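K.L.:
In case you want the letters, here they are:
2 protein chains.
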Amino acid sequence: MFIAMNRFRIAPGKEGEFVEIWKKRDSHLKGVPGFMSFNLLQGATTDECTLFASHSVWESRQAFEEWTRSEAFRLAHAQAGQTKNVYLGPPNLELFEAVI
Amino acid sequence: MFIAMNRFRIAPGKEGEFVEIWKKRDSHLKGVPGFMSFNLLQGATTDECTLFASHSVWESRQAFEEWTRSEAFRLAHAQAGQTKNVYLGPPNLELFEAVI
Chain U
7 MFIAMNRFRI APGKEGEFVE IWKKRDSHLK GVPGFMSFNL LQGATTDECT
57 LFASHSVWES RQAFEEWTRS EAFRLAHAQA GQTKNVYLGP PNLELFEAVI
Chain B
7 MFIAMNRFRI APGKEGEFVE IWKKRDSHLK GVPGFMSFNL LQGATTDECT
57 LFASHSVWES RQAFEEWTRS EAFRLAHAQA GQTKNVYLGP PNLELFEAVI
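Going down the list, the protein sequences come from chains U and B.
To get this note's numbering, take the position in the first sequence, counting from 1, and add 6.
To get this note's numbering, take the position in the second sequence, counting from 1, and add 6.
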């Protein structure tokens, strides 16, 4: 199992807007080989920002990497970053391999 | 759905030892109300350390919090931190609520 998490620092007060962006978005993940599940996660809120993370689970690192090279990936990311006042800086991608 | 991740910074060369600690550990999670799944995840390696994260999925924040107050939690953590040369600093707990 392989997990890809993209961490987003969202400006205070913009949390609802950020979640709406994701609700309206077509992830194009359905039917992608090796794709298992997707969630948007809300983490801690500090004075500075609220942490969110996209959380996708894959059968393997290879399945994830093949998706990043696919047309489905290009379509899903064509609209990214169009509402810049919501984000405090670029997202931070973290990749994890399940060892247990 | 609720996800608890505890992030560990592990000393270079100690990755195998760290994974073995977790393989031998009795998590006491089986049968805990609201518990869904557990994985140990291996993340990126830098010059400084390798990132690992325990990753447990729960039906709700309430189920996770009740577990942290239980005897099962106390038993699972009784042995924690006994091999300190493996860890670079204390772990960092991050809690996430699935909003999508």
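Treat the hints as calculated values from the structure; they're not laboratory data.
Model, not experiment: these values are computed from the prediction.
By construction, the Cβ of each residue, glycine as well, lies at the ideal position given by its N, Cα and C atoms.
Fair warning: there could be bad hints in the mix.
Interface residues of chain B toward chain U, partial, derived using beta-carbon atoms under 7 Å [unchecked claim]:
1. N45
2. L46
3. E103
K.L.:
Each of the hints needs a verdict: does it hold here or not?
P.N.:
Consistency of the hints with the structure:
Interface restraint check: N45(B) against chain U, minimum CB-CB distance 4 Å, threshold 7 Å, status holds. Hint status for L46(B) relative to chain U: holds, with the closest Cβ pair at about 4 Å, below 7 Å. With a least beta-carbon distance of about 5 Å to chain U, the hint placing E103(B) at the interface is held under the 7 Å criterion.
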